[in-house]
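Visitor: Using the hints, position chain H against chain Y.
Number of protein chains: 2
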Amino acid sequence: MPDSIPVDSVGLVSPQFIHIDTPLSLESGRMLLQYDLVYETYGELNIQASNAVLICHALSGDHHAAGYHSLEDKRAGWWDNLIGPGKAIDTNLFFVVSLNNLGGCQGSTGPTSINPNTQKPYGPDFPIITVVDWVNSQAVLADKLGIRQWAAIVGGSLGGMQAIQWAISLPDRIRHALIIAAASKLSAQNIAFNEVARTAIKGDPDFHDGHYAEHNTAPRKGLGLARMIGHITYLSDEAMGKKFGRDLRHDSLNYDYDVEFQVESYLRYQSEIFAEHFDANTYLLMTKALDYFDPAKHFNDNLAETFAEIKAKCLVISFTTDWRFSPERSHDIVNALLSANKSVTYAEIEATQGHDAFLLPISRYHQIVGTYMKRIISEEES
Amino acid sequence: MPDSIPVDSVGLVSPQFIHIDTPLSLESGRMLLQYDLVYETYGELNIQASNAVLICHALSGDHHAAGYHSLEDKRAGWWDNLIGPGKAIDTNLFFVVSLNNLGGCQGSTGPTSINPNTQKPYGPDFPIITVVDWVNSQAVLADKLGIRQWAAIVGGSLGGMQAIQWAISLPDRIRHALIIAAASKLSAQNIAFNEVARTAIKGDPDFHDGHYAEHNTAPRKGLGLARMIGHITYLSDEAMGKKFGRDLRHDSLNYDYDVEFQVESYLRYQSEIFAEHFDANTYLLMTKALDYFDPAKHFNDNLAETFAEIKAKCLVISFTTDWRFSPERSHDIVNALLSANKSVTYAEIEATQGHDAFLLPISRYHQIVGTYMKRIISEEES
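As they're listed, the protein sequences go chains Y and H. Counting in the working numbering, the first sequence tops out at residue 382, every number present. Counting in the working numbering, the second sequence tops out at residue 382, every number present.
Here chain Y stands alone, though its shape is the one from the complex:
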């Protein structure tokens, strides 16, 4: 429990649900006849409905981006340091919408949901969802909320890919894209790490080809292993070195196959917690969404051509020690936007924390986002 709700917090928030019964055509060719989306909103939509901001989450994120669900809540939403009254994404100025993506496991329809055709959980039969599908489902939510055009769409990592896809797919519905610690597609190395994670999950004897729920179990070991690998790629070598170095778990070396170093113990603990709370089929789906994202594949791998119809102004941000999606990957996006004659602002933030930096309260980073967001309001007023 927070001692008291901080004054710059959006305060107590409640998730909202919406049921959509308009079928959604998926990039895979399959169809989702109906689905639920869970979302939260912070701030007030103005009369012109011109101040809406969409937050897109990354691999393991959800709709709970800011505030607290109850006074007993130990932790605020995952992007609480960025979103709130007076914060970089100022809820005194903006109406912020944050949803759990389709295929997720925190309330929106996904592998853990009941398949209306079978009355059993979808499990592995839930269709593969891509970034394009997320954009289309988010557009349906925008319609329901009366938002014709987003003032801004903001996302880090896989969230940044959604901001890019919005700008490409629905250019009239987004005025600004904030693309943070993202890439225009995965590299072979990125895909390789995802494949290792999937192999770990699928190789767990409790996976049961994805039908683990029917067996009243879950592939926790495999999912934990997948998370450990992910975790390493989210942190920089430098950050891990600073945090753990070669510090020992016990006073001296034991020369056995148990944990010797703090970093091992930390990874084990974090991954066990994660595996208790996250769905393995959703994890698989999210890694696939990452792998498949490659908007330039429809434009002969020419990213500038891919961006030709974009109307949104873009803010691209990268972090110096991010080796998952390095600054060079942001340069690719920026250079293609420039080649396509688009409006783009770029900031490369000095940060030791690796990819995870996008979630952290780094002052120059938050200043840049805050200044950019304020400029959106001035544009609006001028």
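Simulated from the structure, these hints should not be mistaken for lab results. Check the hints yourself; a few may be wrong.
To be verified - Simulated restraints on C-beta separations:
{"id": "1", "chain 1": "Y", "residue 1": "Asn-92", "chain 2": "H", "residue 2": "His-250", "range": "49 to 57 Å"}
{"id": "2", "chain 1": "Y", "residue 1": "Lys-243", "chain 2": "H", "residue 2": "Ser-70", "range": "49 to 57 Å"}
{"id": "3", "chain 1": "Y", "residue 1": "Arg-249", "chain 2": "H", "residue 2": "Leu-33", "range": "40 to 48 Å"}
{"id": "4", "chain 1": "H", "residue 1": "Lys-120", "chain 2": "Y", "residue 2": "Asp-251", "range": "27 to 35 Å"}
{"id": "5", "chain 1": "H", "residue 1": "Leu-33", "chain 2": "Y", "residue 2": "Glu-348", "range": "53 to 61 Å"}
{"id": "6", "chain 1": "H", "residue 1": "Asp-172", "chain 2": "Y", "residue 2": "Arg-249", "range": "36 to 44 Å"}
{"id": "7", "chain 1": "Y", "residue 1": "Lys-243", "chain 2": "H", "residue 2": "Gly-370", "range": "40 to 48 Å"}
{"id": "8", "chain 1": "Y", "residue 1": "Ser-252", "chain 2": "H", "residue 2": "Arg-148", "range": "56 to 64 Å"}
{"id": "9", "chain 1": "Y", "residue 1": "Asp-256", "chain 2": "H", "residue 2": "His-69", "range": "30 to 38 Å"}
{"id": "10", "chain 1": "H", "residue 1": "Ile-114", "chain 2": "Y", "residue 2": "Ile-273", "range": "54 to 62 Å"}
{"id": "11", "chain 1": "H", "residue 1": "Ile-273", "chain 2": "Y", "residue 2": "Gly-11", "range": "53 to 61 Å"}
Claimed, not checked - Selected chain H positions facing chain Y (in silico; Cβ < 8 Å):
{"id": "12", "residue": "Val-263"}
{"id": "13", "residue": "His-277"}
{"id": "14", "residue": "Asp-291"}
The C-beta atom is built at its ideal place from N, Cα and C for all residues, glycine as well.
Guide: Chain H alone, transformed into the frame defined by chain Y:
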């Protein structure tokens, strides 16, 4: 089968075995009462026994560094491009010794060997072996071969760590240390990747707490997964990108959880082959030997002090895109050697292939090793 044995090959070679019944005191405090070592030699030991070169292998290497075991042999030894008549390590000039390290699974005593006390395979009861222990056992082999002092000890990666440890532990017995793509200790990130590999192996239901041989099985899935992770860290992002990019396995995307990209298929195949031929307990042991290597721990983490008693001249080589043991890690070694007023030559090789570069026939790299090795002979003669 090679069409014919190439003229610059050491040709057909046979492994030799030696049984040691002098007990070996291990760094862990345990004792190995007796053990076998398997090794190969190439070239001739001169009368002064002054031209001997020791090759130290890395995580999954063995004694078969050069030549062929038979005319049916499809592949030469693992460092055949470096070792042979007229090659960088010229077997017309040097007597080259290459052994399988203690704890290995290719013939030297290790977890797959029969424990004389139980008449069953050691399995997980085989003691943890460290780099210090390898140096001590290699010194016993040197004694048996009549080699009081090595002209050079050469190793890449974990092999380079053995060359470093020789120079520190037995300064009178080594004239030159060739330390290639190595580090003076693992970083937290390196340890973290090893811990993921170990977790994968130990989590395989066929692991049986390491006693899988008694169950007539082996944790192939877990070992394969460990190897996949290792494999990614051996290659550079650039090398993987060049080799695979986002090339698809099939003509088009299938939008399912099976393999879509060539890089996934390659990793799966390579890891399956590896898991058929390598012992999981040995893999665990080798990752632990890496983790434990940290000679400066006995010298208040001061690497220059650690190197104070070294008499060997050192050649340190790193590769630009190696992110497992980056050039900065070699700089640490070089700077400490310089601080300790030792003779050191350093070369940083432009190479796209990442850590694996040390195994590849990169001409500038081989020229530097060859020139250095020839200088050893001139020194000897002058």
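Visitor: Does each hint hold? Answer for all of them.
Guide: Right, here's what the structure says about each hint:
1. Y:Asn-92 x H:His-250: 49 to 57 Å: Given range 49 to 57 Å: holds, Cβ gap about 52 Å.
2. Y:Lys-243 x H:Ser-70: 49 to 57 Å: holds, 51 Å
3. Y:Arg-249 x H:Leu-33: 40 to 48 Å: Cβ of Arg-249 of chain Y to Cβ of Leu-33 of chain H: about 31 Å, so the range 40 to 48 Å is violated.
4. H:Lys-120 x Y:Asp-251: 27 to 35 Å: Given a distance of about 34 Å, which is inside 27 to 35 Å, the answer is holds.
5. H:Leu-33 x Y:Glu-348: 53 to 61 Å: Because 59 Å falls inside the window, the suggested range holds.
6. H:Asp-172 x Y:Arg-249: 36 to 44 Å: holds, 37 Å
7. Y:Lys-243 x H:Gly-370: 40 to 48 Å: Taking Cβ atoms as reference, Lys-243 of chain Y and Gly-370 of chain H lie about 43 Å apart, which means the hint holds.
8. Y:Ser-252 x H:Arg-148: 56 to 64 Å: violated, 35 Å
9. Y:Asp-256 x H:His-69: 30 to 38 Å: This hint holds: roughly 36 Å between Cβ atoms.
10. H:Ile-114 x Y:Ile-273: 54 to 62 Å: violated, 42 Å
11. H:Ile-273 x Y:Gly-11: 53 to 61 Å: holds, 57 Å
12. Val-263: holds, 4 Å
13. His-277: Because about 19 Å separates His-277 of chain H from the closest Cβ in chain Y, which is outside the 8 Å limit, the hint is violated.
14. Asp-291: Given a least distance of 7 Å, the restraint on Asp-291 of chain H holds.
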